[in-house]
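Protein sequences appear in the order of chains A and B.
Everything in the first sequence is counted per our numbering, starting at 277 for the first residue and increasing by one.
Everything in the second sequence is counted per our numbering, starting at 277 for the first residue and increasing by one.
Among the hints, erroneous ones may be present.
Each pair may be met inside one copy or between any two copies, as identical chains are not told apart.
[Stated by the list, open to error] Think about it this way: if two alpha-carbon atoms lie no more than 27 Å apart in a straight line, the pair counts; the simulated BS3-like pairs of lysine-lysine are:
1. K407 to K519
2. K469 to K332
3. K384 to K353
4. K469 to K344
These aren't lab readings, by the way, just hints derived from the structure by calculation.
For clarity, every value in this text was computed on a predicted model and none was experimentally measured.
There are 2 protein chains.
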Amino acid sequence: MIDGTLIFIGLGLYDEKDISLKGLEEIKNCDKVFTEFYTAKLTGTDIDKIEKTVGKTIEVLTREETEKGDKILNIAKEKTVALLTCGDPMTATTHVDIRLRAAKMGIKTRIIHGSSIVTAVPGLLGLQNYKFGRATTLAFPEKNYFPTSPYDIIKENKEMGLHTLVLLDIQSDKKRYMTANEGMKLLLKMEEKHKGNIIKQEDIICVVARAGSSEPIALAGIIKDILDKDFGPPLHTLVIPGKLHFMEIEAIQILAQLPAQQVRKLQKL
Amino acid sequence: MIDGTLIFIGLGLYDEKDISLKGLEEIKNCDKVFTEFYTAKLTGTDIDKIEKTVGKTIEVLTREETEKGDKILNIAKEKTVALLTCGDPMTATTHVDIRLRAAKMGIKTRIIHGSSIVTAVPGLLGLQNYKFGRATTLAFPEKNYFPTSPYDIIKENKEMGLHTLVLLDIQSDKKRYMTANEGMKLLLKMEEKHKGNIIKQEDIICVVARAGSSEPIALAGIIKDILDKDFGPPLHTLVIPGKLHFMEIEAIQILAQLPAQQVRKLQKL
Numbered sequence: 277m278i279d280g281t282l283i284f285i286g287l288g289l290y291d292e293k294d295i296s297l298k299g300l301e302e303i304k305n306c307d308k309v310f311t312e313f314y315t316a317k318l319t320g321t322d323i324d325k326i327e328k329t330v331g332k333t334i335e336v337l338t339r340e341e342t343e344k345g346d347k348i349l350n351i352a353k354e355k356t357v358a359l360l361t362c363g364d365p366m367t368a369t370t371h372v373d374i375r376l377r378a379a380k381m382g383i384k385t386r387i388i389h390g391s392s393i394v395t396a397v398p399g400l401l402g403l404q405n406y407k408f409g410r411a412t413t414l415a416f417p418e419k420n421y422f423p424t425s426p427y428d429i430i431k432e433n434k435e436m437g438l439h440t441l442v443l444l445d446i447q448s449d450k451k452r453y454m455t456a457n458e459g460m461k462l463l464l465k466m467e468e469k470h471k472g473n474i475i476k477q478e479d480i481i482c483v484v485a486r487a488g489s490s491e492p493i494a495l496a497g498i499i500k501d502i503l504d505k506d507f508g509p510p511l512h513t514l515v516i517p518g519k520l521h522f523m524e525i526e527a528i529q530i531l532a533q534l535p536a537q538q539v540r541k542l543q544k545l
Numbered sequence: 277m278i279d280g281t282l283i284f285i286g287l288g289l290y291d292e293k294d295i296s297l298k299g300l301e302e303i304k305n306c307d308k309v310f311t312e313f314y315t316a317k318l319t320g321t322d323i324d325k326i327e328k329t330v331g332k333t334i335e336v337l338t339r340e341e342t343e344k345g346d347k348i349l350n351i352a353k354e355k356t357v358a359l360l361t362c363g364d365p366m367t368a369t370t371h372v373d374i375r376l377r378a379a380k381m382g383i384k385t386r387i388i389h390g391s392s393i394v395t396a397v398p399g400l401l402g403l404q405n406y407k408f409g410r411a412t413t414l415a416f417p418e419k420n421y422f423p424t425s426p427y428d429i430i431k432e433n434k435e436m437g438l439h440t441l442v443l444l445d446i447q448s449d450k451k452r453y454m455t456a457n458e459g460m461k462l463l464l465k466m467e468e469k470h471k472g473n474i475i476k477q478e479d480i481i482c483v484v485a486r487a488g489s490s491e492p493i494a495l496a497g498i499i500k501d502i503l504d505k506d507f508g509p510p511l512h513t514l515v516i517p518g519k520l521h522f523m524e525i526e527a528i529q530i531l532a533q534l535p536a537q538q539v540r541k542l543q544k545l
């Protein structure tokens, strides 16, 4: 007889205080609480602080345990189990997979939403959400693997005048988080390979660092000017702007310090 | 001497418990708290419940007061002021406008993020966020105003195999919230006008109602089958799927009851 419940609870963006009141309440009623930090990472906190905030012991699952899912599902068959995830749950396919397997077993599932980089980054820059095309992720290049689909996605979006949210790779197990600098260099390398005139040294790019923290960075500038700038600790995110609306130009000037010379250029377009 | 602060705090999706712990903490330190419900609406709560939860009196601004902004800015010049907004702040241009005016006056500004329909809807349906193109909004048609840009956006996305998040109009002052049914009918009307073969009676559409509540509806079906179905109280949202990945097909079958016959059709594509 299956009468358990699996609740996916979003931890939000940055630290242990980004969870919602609803999420906290749900955790208090759970028999068992899991989390995992391989699909994403809250860089402003640690497991001790999260445990202290939610008032429960939390078992941190490895990548293998998360992907296998059995540990979670076995308990969720009979009990109320929470899986805490960074951001808004279900952005990682692994979580969708676990939810589908739970549902197929007859386990009730539920989602408690959290804040996400997908809306936080446009918000911090003052860019309009509905002017973003498809998002993409830059992966750390591997020996024989240098995917250039992000380049194609940026190209498609640009041709339609749309902005592109460019998420940067996270390899939590290696404590490796792609910086905005590495991301920009990868994009320039893709340009070198494809020569589509999509990402140029003179183009405007936006960088957001530590969204959700009390001191996030939101900076807009010319790639060559900010390529080696230090944006501080992770996580970093990039935005390749498409056609900017006049209020968006003002926003990245005032909120993200786009130099006046660049603002004038944009205003002439 | 300007030394005030204006903090935009996201209330999240549905009721008074969708705010983050961080948001709640910030409110406690504010001298004055405003909110407005004309750009969006939390349908699972009311101002009394929100006030009780945050432990402060909240002044609800009218549309005019929000757009004018002076009431907020005058106090924020000297004090710490919060503006509570539904979802994740800054999705409404009005909020960006207020933030820019505050920044130009020398008022410090800050954002506390909240959960948003933009990621909640894909999550509830088990659809992958990075497979969504540009989002769009269906407005209530006015006498001489029947914009069809949503149709063009859906067309563009479909041609690229991407899903479209279709937000539905809110006229809070008239307590008018577009239902999924009205939305589907509008889309069919746009098809009649444009004949681009983009939205057909036999096409699959996804409906999400009351995202963020304890009993959200996530339903996938053929437009003609669900056109007159009752999805209950607002808010409703639509998704027009593009090309579905096999895990997404399974997701809308299991999590959103897509009929088996439709699943088989999709699997053959």
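Each hint tested on the structure:
no., hint, in the structure
1, K407 to K519, "both (9 Å within a copy, 21 Å between copies)"
2, K469 to K332, "neither (51 Å within a copy, 57 Å between copies)"
3, K384 to K353, "within (9 Å within a copy, 50 Å between copies)"
4, K469 to K344, "neither (38 Å within a copy, 50 Å between copies)"
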